[in-house]
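Protein sequence lines, in the order shown, are assigned to chains G and U. Just so we're aligned, residue 61 is where the first sequence starts under the numbering used here, counting upward by one. Just so we're aligned, residue 54 is where the second sequence starts under the numbering used here, counting upward by one.
By construction, these hints were calculated from the structure, which means they are not laboratory data. Idealized CB from N, CA, C, for every residue including glycine. Fair warning: there could be bad hints in the mix.
[Stated by the list, open to error] Heads up, simulated DSS-like pairs for lysine-lysine below, C-alpha to C-alpha not over 27 Å straight-line:
#	chain 1	residue 1	chain 2	residue 2
1	G	Lys228	G	Lys168
2	U	Lys95	G	Lys89
3	U	Lys290	G	Lys81
4	G	Lys89	G	Lys168
[Claimed, not checked] Here are the computed distance ranges between Cβ atoms for each label pair:
#	chain 1	residue 1	chain 2	residue 2	range
5	G	Lys228	U	Arg309	48 to 58 Å
6	G	Lys89	U	Tyr80	50 to 60 Å
7	U	Arg309	G	Asp66	40 to 50 Å
8	U	Pro111	G	Gly108	54 to 64 Å
9	G	Glu71	U	Thr288	58 to 68 Å
[What the hints assert, rightly or not] Some, not all, of what chain G presents toward chain U, calculated at C-beta under 8 Å:
#	residue
10	Arg78
11	Thr119
12	Cys175
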Amino acid sequence: MTMVYDDLGDEAEEFPVRRIKFTINGRKKVAEIEPRLLLADLIRRGAGLTGTHRGCDTTNCGACTVLVDGRAIKSCTMLAVQVDGREITTVEGLASASELHPIQEGFKQEHGLQCGFCTPGMMMAAKGLLDRNPNPTEEDVRWALSGNLCRCTGYQNIVKSVLWAAEKMAPPKLSEREPEASAGGESERESKLAETSAGNTEA
Amino acid sequence: MFPSRFRYEAPHSLDEAIGLLHDGGDYAKVLAGGQSLVPMMKLRFASPEFIVDLNNVPGLAYHRADPDGSLRIGALCRHADLEFSDLLKGTQPTMAAAAPLVADPLVRNRGTLVGSLCHADPQGDWASVMLALGGTVIAQGPGGRRAIPLTEFVTGPFETVLEHDEIAVEAVVPPARGVRSGGYLKLERRVGDFATVGVAVAIETSGSTVIRAGIALTGVGGSTIGATDAAAALTGKPLTADSIAEAAELAASVARPKTDHRGSAEYKRHLVRVFTSRILGGTATTTGATAERAA
Chain G
61 MTMVYDDLGD EAEEFPVRRI KFTINGRKKV AEIEPRLLLA DLIRRGAGLT GTHRGCDTTN
121 CGACTVLVDG RAIKSCTMLA VQVDGREITT VEGLASASEL HPIQEGFKQE HGLQCGFCTP
181 GMMMAAKGLL DRNPNPTEED VRWALSGNLC RCTGYQNIVK SVLWAAEKMA PPKLSEREPE
241 ASAGGESERE SKLAETSAGN TEA
Chain U
54 MFPSRFRYEA PHSLDEAIGL LHDGGDYAKV LAGGQSLVPM MKLRFASPEF IVDLNNVPGL
114 AYHRADPDGS LRIGALCRHA DLEFSDLLKG TQPTMAAAAP LVADPLVRNR GTLVGSLCHA
174 DPQGDWASVM LALGGTVIAQ GPGGRRAIPL TEFVTGPFET VLEHDEIAVE AVVPPARGVR
234 SGGYLKLERR VGDFATVGVA VAIETSGSTV IRAGIALTGV GGSTIGATDA AAALTGKPLT
294 ADSIAEAAEL AASVARPKTD HRGSAEYKRH LVRVFTSRIL GGTATTTGAT AERAA
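Please build the complete structure, drawing on both the sequences and the hints.
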């Protein structure tokens with residue numbers, strides 16, 4: 061990556077460029093940056109990862125949300141120099157080479173996006189939630205996404221998408237299955253219940 | 054948008070940080086969570102020449118109860134740490150109610166309680182909470198540490214008594230003498246907006262008698278307002294409908310709201326009355342606060 065700055069001449073000593081090392085989506089990077097560079101710019105212009113969007117640029121919209129050391133933060137409101145030695149995950153870090161991440165699949169299945177501008181931020185905020193709380197209620201999801209703005213969807217399908225992902229990622233739990241779970245899930249539960257009662261009878 | 058140029062250091066100890074501030078002169082700023090400072094620098098409302106970043110200083114990201122019952126919150130304890138804290142849930146109802154209402158979830162992952170106090174925005178939630186609880190700020194400078202009560206800490210909008218080479222290293226809530234109750238209610242137009250009105254109430258009771266009360270108001274004046282008369286009206290007797298009504302009226306009378314796009318002065322004063330009596334009446338739960346912010 062190359063960042064190009066004005067040559068400050070004699071003043072350059074006053075505002076030294078800093079060399080930082082960080083990990084982004086599992087890859088180790090080094091960069092020489094001005095301390096005033098924002099993390100969103102390091103990611104977009106430095107690393108060329110334009111999945112992280114810049115929306116309001118005033119800490120309101122959440123389109124620039126990424127994970128820093130596992131916590132979802134607004135990358136327009138953090139100095140790039142502060143990620144020295146830290147680990148960043150962007151939306152590009154979700155999918156593997158051949159498979160979408162369950163959160164991405166959820167947005168596809170539940171129509172969680174229209175124009176798609178807020179989507180990377182929504183997904184990263186959702187990732188932050190599901191890493192902390194793998195079994196969220198609808199209220200938990202709405203609360204966790206309350207720092208992200210969407211102007212198209214009315215949020216309903218975004219919330220459904222995240223709940224879909226949570227369901228997909230969770231190890232199957234007999235007792236906590238929703239009655240409205242997919243027909244497959246329901247019959248699976250019934251057969252497991254049948255197995256259990258059969259086992260009881262035998263014992 | 055990007056900030057104007059500045060020099061940046063991220064020291065690994067408090068002594069080093071204080072030394073840098075001492076040599077850095079008047080226009081150095083301490084960076085903790087940066088959720089107010091960075092936006093202000095981007096908008097060029099603030100253009101510090103020198104940033105001293107605390108984030109590499111180890112041992113500041115704590116909140117813990119001391120054996121004497123006081124609660125200590127380190128300079129790098131994030132709002133989210135407090136929001137998801139089991140420690141707060143049982144013992145600090147006012148703080149537990151306020152933590153999920155600060156800014157939005159992403160800002161809470163980064164911003165800090167101590168930083169919020171130092172920013173001294175009249176619309177900051179934590180200043181009201183800490184004022185109601187009788188909290189103090191511990192500042193460390195070249196000459197050592199000093200404890201500054203919240204009542205003396207803020208001198209005006211965005212102004213505190215901190216010297217240029219002092220760092221607020223922790224906030225302290227004193228031990229409860231009785232059983233703690235209380236809450237925090239806030240009206241905001243949407244998540245992350247500044248408070249239209251916020252009210253913090255902290256009560257300690259022994260039996261049915263209130264032995265200590267603190268009430269403080271967010272966003273209805275040039276700085277956080279301590280409603281000391283309202284609190285005094287509650288102490289030394291049980292909570293009754295009459296004492297609650299009196300305290301709510303006294304709290305509303307010290308509010309100095311201004312009419313703006315968030316509501317009229319009259320409306321805001323009315324909300325102070327309603328929130329105060331609602332918290333004292335015990336109807337304020339976290340769920341109540343949620344409903345309020347959605348309203």
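Verification of the hints:
no.: 1; hint: G:Lys228 to G:Lys168; result: 13 Å, holds
no.: 2; hint: U:Lys95 to G:Lys89; result: 26 Å, holds
no.: 3; hint: U:Lys290 to G:Lys81; result: 61 Å, violated
no.: 4; hint: G:Lys89 to G:Lys168; result: 31 Å, violated
no.: 5; hint: G:Lys228 to U:Arg309: 48 to 58 Å; result: 53 Å, holds
no.: 6; hint: G:Lys89 to U:Tyr80: 50 to 60 Å; result: 32 Å, violated
no.: 7; hint: U:Arg309 to G:Asp66: 40 to 50 Å; result: 46 Å, holds
no.: 8; hint: U:Pro111 to G:Gly108: 54 to 64 Å; result: 33 Å, violated
no.: 9; hint: G:Glu71 to U:Thr288: 58 to 68 Å; result: 59 Å, holds
no.: 10; hint: Arg78; result: 7 Å, holds
no.: 11; hint: Thr119; result: 5 Å, holds
no.: 12; hint: Cys175; result: 20 Å, violated
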